[in-house]
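Undergrad: Chains as they are written, first to last, in our numbering: chain F, 1 to 216; chain B, 1 to 267.
Don't read these hints as lab results, they were simulated from the structure. Ideal placement from N, C-alpha and C gives every residue a C-beta, glycine not left out. Treat the hints with care, as some may be off.
With beta-carbon atoms standing in for the labels, derived distance ranges [unchecked claim]:
1. Gly183/F / Arg183/B: 16 to 26 Å
2. Lys182/F / Thr260/B: 22 to 32 Å
3. Arg187/F / Leu254/B: 27 to 37 Å
4. Leu254/B / Val131/F: 40 to 50 Å
5. Glu215/B / Gly200/F: 22 to 32 Å
6. Val131/F / Lys77/B: 38 to 48 Å
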Amino acid sequence: MASNGKFATLMRGYGRLTLFLIPIGVAINFVGGQIALLLKLPIYLDSIGTILVGAICGGLPGALVGLLSNAINSITSPPTFAFAVLNVAFGLLAGYFGRLGVFRSWWKTLLSSLGFAFIGGFFGALITIWVFGGLAVGGGAIVVGALTALGLDVNTANFVAQIPMDVLDKVPTVMIVYFIIKGISKRLLVKLPLGWVYLGQPNPNKPAPVADSAKA
Amino acid sequence: MSTRPPLTTAGDYRRPVTLGNPILDLNPITMLLSITFVAVVAVAVDGWVAPVVVAAVFVLLAFLAGKGRTYLVLILKLWLVVGLLLFVLRALLIKGETVWIPLGPIAVTEEGVLDGLRFSTVVMAICGAVTLFFTLVPMRRFTLALERLGVSPRASYVVLASFQAITDLGTTARAVMDAQKARGIETEGNLLVRAKAFFPVLAPVFLSAMSATEERAIALDARAFNAHGPRTSLVLLPPTAAGERVVVVLCALLAAAAITGGVLGWF
């Protein structure tokens, strides 16, 4: 039963489309980041796919998108992999928020960006401190370096620099996710694991939630 | 550059595929283990000399495999962009007793330079290992080797389809961007103007990619993607030779020696 391993069992609870949406989510992460660079925007916008797949398919597929995106990124820039856990957490949180119906209203979506920014900024800073001793790479490193030179200690400098930067990044990210979900056709939504949330229908798996049946 | 020799007769498909170089033809798992063990040496042995030697070994291996130029370009870029920044930040900001060059509130200290050298060379040796592996092993070969070890073909599909989707979506995004420019959407100008262009460029790309998954699911289902039972593949990997096992064991011994030495303080 080589073709029917753990991975298949894990994904079964999510229906067949989810498996095909994971690569699309990874590509959305990359292309979002590329276009942000191309338009010379000062933000990353590289977790749209993770949050989108998390919001429409559930936490686990979202987390897989995040893990895979960082793994692929680390082929050319290995330090990226240290931050994979953030992208995984975005996916899980998006799945949880999705189930609660957060992405159905624009103001709740807007508020949810604080949750993502907290993970990205606070835990991002923690990883920078633990793994790279507070001096990692990327645009933030220069800001951290400048703040340290001004007399802040390295740890404080990381939090001061990263949390506001992440809020700036996550507000447009979640709003794009909100508008994309609004644009998904009903015939696709109805086949997605969390599609019922956006179609305003009751949870079809109420007696056994999707996450639990996937674990079984 | 060594490419796959043309397959002419049906019989060729039953022979293991060769990339025309003994290093490239190693089993991907052999390659993964050996490179990992060598990278462990860089981390286990103190100081900056060991990581530099390990990084040099990786470059040598890349040249022996005939991928030297590709690898060198990739790794030099990493050294310049990541390694140099890691070193400079540490050299400038870590405080120490022996000040070499005072620069106002910060200073270049001996401790900072040594710490920076050690840290940046270790990170670069690890980066060298990762990039070397993916330079030498095409993703298809790697996922095929993993499938032989029992990883689900669905997992292979997700990984390989991700690479394909990145390329495809990137191309479509650029095409849509040009199309939207032609319709008068400004993609240059001040920050607000550029930010406003982001959505009309990406929304059509993302939405069409998502609705295409439905057709893809049906198409793959028709090709027995969801069938149970063992799979065959068009490409065969060469069987793992005894020599490969010896190489892996030697690399493992080297790593073990480095770790023991690091703990006992031989270096």
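Undergrad: Hint by hint, say whether it matches the structure.
TA: Now the hints, each set against the structure:
1. Gly183/F / Arg183/B: 16 to 26 Å: With a Cβ separation near 18 Å, Gly183/F and Arg183/B satisfy 16 to 26 Å, so the hint holds.
2. Lys182/F / Thr260/B: 22 to 32 Å: This hint is violated: roughly 60 Å between Cβ atoms.
3. Arg187/F / Leu254/B: 27 to 37 Å: Since Arg187/F and Leu254/B have Cβ atoms about 58 Å apart, the given range 27 to 37 Å is violated.
4. Leu254/B / Val131/F: 40 to 50 Å: 25 Å, violated
5. Glu215/B / Gly200/F: 22 to 32 Å: 26 Å, holds
6. Val131/F / Lys77/B: 38 to 48 Å: 22 Å, violated
Comparing the model with each numbered hint stated earlier shows that hints 2, 3, 4, 6 do not hold.
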